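Colleague: So the chains spell out like this:
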Amino acid sequence: MVFMSGIVTFFVLLIFWIFMSGLFDLWHFGLGMVSCALIAYMSNDLLFKDMKVASKGRETIRLIKYMPWLLYQIYLANIYVVKLALHPKMSHLIYPHIVKFRTKLKKDVSVFTFANSITLTPGTITVLVEDDCFYVHAIDIPVAESLPGDMEKRVGHIFGED
Amino acid sequence: MTLIILTMTAALLVAGLFFFFAATVGFLRFPDLYTRMHATGKGDTLALLLMVAGLALFNLYDNFCWMGMVQSVKLLFIAVFWFIANPTATHAVLRAAFESGVTPWTKDGTVIIDKTEGEGA
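Residue numbers (this note's numbering), protein chains in the order written: chain R, 166 to 327; chain P, 12 to 132.
Honestly, I wouldn't trust all of these hints.
In silico BS3-like links for lysine-lysine, alpha-carbon gap of 27 angstroms or less [stated by the list, open to error]:
(1) R/Lys-318 / R/Lys-254
(2) R/Lys-318 / R/Lys-269
(3) R/Lys-318 / R/Lys-265
(4) R/Lys-230 / R/Lys-271
(5) P/Lys-85 / R/Lys-230
(6) R/Lys-248 / P/Lys-118
(7) R/Lys-254 / P/Lys-118
(8) R/Lys-265 / P/Lys-118
These are calculated hints, taken from the structure and not from any lab test.
Since we're looking at a predicted model, the values are computed, not measured.
Chain R with its partners taken away, still in its complex shape (with noise of 0.2 angstroms):
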């Protein structure tokens, strides 16, 4: 498994370093080649962390199926946030709380998504994660209710903890 989580590495950082150099002469894909393989060799368990490469595959394509969803919750979180700052009565609609609430996910890999999609998403911000425990700071009433919701299934789905 070493192998192969190396040879993954080895790929994606070589199509980063296409996209990076742009060049296809000898000498730059050359050192880049040599540069990728390199660092795949040396470091090829800190990117698929003790992972078998079939489950990774499956968590990349629920990860590209989970960005969309996510972006629109961007959207939408800034449109709020937009709301908020140019309202004329701004200091009447926000009712700052912060929030403290325990989480299922068990993975560092998804506590982390957990914790910047939640960032991410309208009037919520990570404050800090002890433990299980999460405190999420919420701009309002109807946005500390709604916490944890259903983003964390959504994130233990992806990660397979569900």
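Following the hints, complete the assembly by docking chain P onto the known chain R.
Modeller: Just chain P now, with coordinates in the frame of chain R:
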């Protein structure tokens, strides 16, 4: 064709500017650090995506070759890394504030609504 692409570029840039403007106004108007981070931490994400998409589109039109595409993809990479870095930075600032005891501005004085109570923590 030229007109369509230029109009789309201008529309994307103006929309991005509008969101940056609103984020700044929110930053100035909101009452405390936590609510201000709502404005800056989020208003920027969509604004940056729109502006970078506009610039990538214009670059693709202006410089339509393999290198132009590479440049546009690089521009979009800025948005991708921003989407990872921005929530993390927002979280880092807020966490530092919370741990050093900055009290959030509230209307009723209850700072933390504890949803874990009654679960046998």
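Colleague: Go through the numbered hints given earlier and state which of them the structure violates, listing their numbers in rising order.
Modeller: 1
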